[in-house]
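These protein sequences, in sequence, are chains B and P.
Last residue of the first sequence? That's 68 in our numbering, and every number before it is there in order.
Last residue of the second sequence? That's 139 in our numbering, and every number before it is there in order.
Keep in mind the hints are simulated off the structure, nothing from the lab.
Wrong hints could be hidden among the right ones.
[Claimed, not checked] Capping the alpha-carbon separation at 27 Å, the derived lysine-lysine pairs in DSSO-like fashion look like this:
1) P:LYS53 to B:LYS20
2) P:LYS104 to P:LYS93
3) B:LYS16 to P:LYS112
4) P:LYS112 to B:LYS6
5) P:LYS121 to B:LYS7
6) B:LYS17 to B:LYS6
7) B:LYS16 to B:LYS3
8) B:LYS23 to P:LYS104
9) P:LYS89 to P:LYS61
10) B:LYS55 to P:LYS61
11) P:LYS6 to B:LYS7
12) P:LYS61 to P:LYS6
13) B:LYS55 to B:LYS17
14) B:LYS17 to P:LYS89
15) P:LYS53 to B:LYS3
16) B:LYS23 to B:LYS7
17) B:LYS17 to B:LYS7
18) P:LYS53 to B:LYS17
19) B:LYS3 to P:LYS6
20) B:LYS7 to P:LYS89
21) P:LYS53 to B:LYS6
22) B:LYS7 to P:LYS112
23) P:LYS93 to B:LYS55
24) P:LYS61 to P:LYS112
25) P:LYS121 to P:LYS104
26) P:LYS6 to B:LYS6
27) B:LYS23 to B:LYS6
28) P:LYS53 to B:LYS16
29) P:LYS89 to P:LYS112
30) B:LYS3 to P:LYS104
As the structure is a computational prediction, the values presented were derived from the model and not from experiment.
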Amino acid sequence: MWKYVKKLQYPVNIRKKDLKMAKYLYSQYGGPDSELSAALRYLEQRYTMPDDRGKALLTDIATEELAQ
Amino acid sequence: MNNYQKALDYYNYNNNNFNQPTFTKNENPSAIYDPYQGFIRGNMFPDLYNAYKNNQPYALKEDAFTYMDAFAFAAHDINLYLDIYPDDKDMIKAFSDFTLQADKLMEEYQSKYGPLVVNNKTNMVYPWAWDMGPWPWEN
């Protein structure tokens with residue numbers, strides 16, 4: 001269902017390495033209230049939506065969360 | 001002017017109306033940013049854009065790579081808009097224009113620098129190009 005593109009959606013320029021900050025970001029990406037769990041929740045809800053627009057919208061939102 | 005007022009002005013707090021809906025269901029936002037301006041703001045809709053505190057949009061180098069990203073972003077943002085307002089024909093037109101332009105720029109980029117998607121014709125070569133670097137976050 002997914003294809004990936006070998007480029008970033010927005011250019012990043014990492015100027016400084018900060019391990020403490022990286023730790024915070026790690027839980028933002030993979031922790032309990034993270035982008036990842038949000039993506040999975042949207043995807044799960046997507047299958048119980050009653051109409052086509054709801055399905056499409058939640059699939060797009062889940063993809064957006066995965067991208068983040 | 002007291003310090004409180006000064007701080008409000010400095011951080012542009014009065015413009016941070018996050019809790020005020022600036023957009024209603026019946027509104028038809030025909031005005032959109034051009035792809036570059038929308039890209040550096042992360043938002044194609046002037047009605048919905050709120051600057052965070054006193055941050056200014058970061059000016060990116062206006063080269064072909066930035067424009068490729070900008071058109072892809074523009075099409076994507078309007079895609080999300082159309083999910084909610086599917087009857088807006090002007091936006092469907094804008095979506096088509098941006099998508100075609102983004103595809104064209106991506107095709108040009110790939111013919112110069114190698115594949116970005118696996119099913120591109122620049123990938124149909126020996127040696128197999130897909131597993132070669134650099135990745136986007138590597139220099």
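Hints and how they fare:
1. P:LYS53 to B:LYS20: holds (25 Å)
2. P:LYS104 to P:LYS93: At roughly 17 Å apart (the allowed maximum being 27 Å), LYS93 of chain P and LYS104 of chain P satisfy the hint.
3. B:LYS16 to P:LYS112: violated (31 Å)
4. P:LYS112 to B:LYS6: Between LYS112 of chain P and LYS6 of chain B the Cα gap is close to 15 Å, so the pair holds against 27 Å.
5. P:LYS121 to B:LYS7: Distance of about 17 Å is within 27 Å: holds.
6. B:LYS17 to B:LYS6: Holds, at roughly 23 Å.
7. B:LYS16 to B:LYS3: violated (31 Å)
8. B:LYS23 to P:LYS104: Violated, because 39 Å separates the two Cα atoms, which is more than 27 Å.
9. P:LYS89 to P:LYS61: With a Cα-Cα distance of about 32 Å, the restraint between LYS89 of chain P and LYS61 of chain P is violated, given a limit of 27 Å.
10. B:LYS55 to P:LYS61: Distance of about 38 Å is beyond 27 Å: violated.
11. P:LYS6 to B:LYS7: violated (42 Å)
12. P:LYS61 to P:LYS6: violated (33 Å)
13. B:LYS55 to B:LYS17: violated (40 Å)
14. B:LYS17 to P:LYS89: violated (46 Å)
15. P:LYS53 to B:LYS3: Distance ~36 Å between LYS53 of chain P and LYS3 of chain B Cα, so the pair is violated.
16. B:LYS23 to B:LYS7: holds (24 Å)
17. B:LYS17 to B:LYS7: holds (21 Å)
18. P:LYS53 to B:LYS17: holds (25 Å)
19. B:LYS3 to P:LYS6: Violated, because 49 Å separates the two Cα atoms, which is more than 27 Å.
20. B:LYS7 to P:LYS89: Status violated; Cα separation ~30 Å.
21. P:LYS53 to B:LYS6: Since the Cα atoms of LYS53 of chain P and LYS6 of chain B sit roughly 33 Å apart, the hinted pair is violated (cutoff 27 Å).
22. B:LYS7 to P:LYS112: holds (15 Å)
23. P:LYS93 to B:LYS55: holds (23 Å)
24. P:LYS61 to P:LYS112: holds (19 Å)
25. P:LYS121 to P:LYS104: Holds, at roughly 14 Å.
26. P:LYS6 to B:LYS6: It is violated: about 45 Å lies between the C-alpha atoms, which goes past 27 Å.
27. B:LYS23 to B:LYS6: Holds. LYS23 of chain B to LYS6 of chain B sits at ~25 Å (cutoff 27 Å).
28. P:LYS53 to B:LYS16: Between LYS53 of chain P and LYS16 of chain B the Cα gap is close to 23 Å, so the pair holds against 27 Å.
29. P:LYS89 to P:LYS112: violated (35 Å)
30. B:LYS3 to P:LYS104: Holds. LYS3 of chain B to LYS104 of chain P sits at ~19 Å (cutoff 27 Å).
Hint compliance for this structure: hints 3, 7, 8, 9, 10, 11, 12, 13, 14, 15, 19, 20, 21, 26 and 29 are broken, all remaining hints hold.
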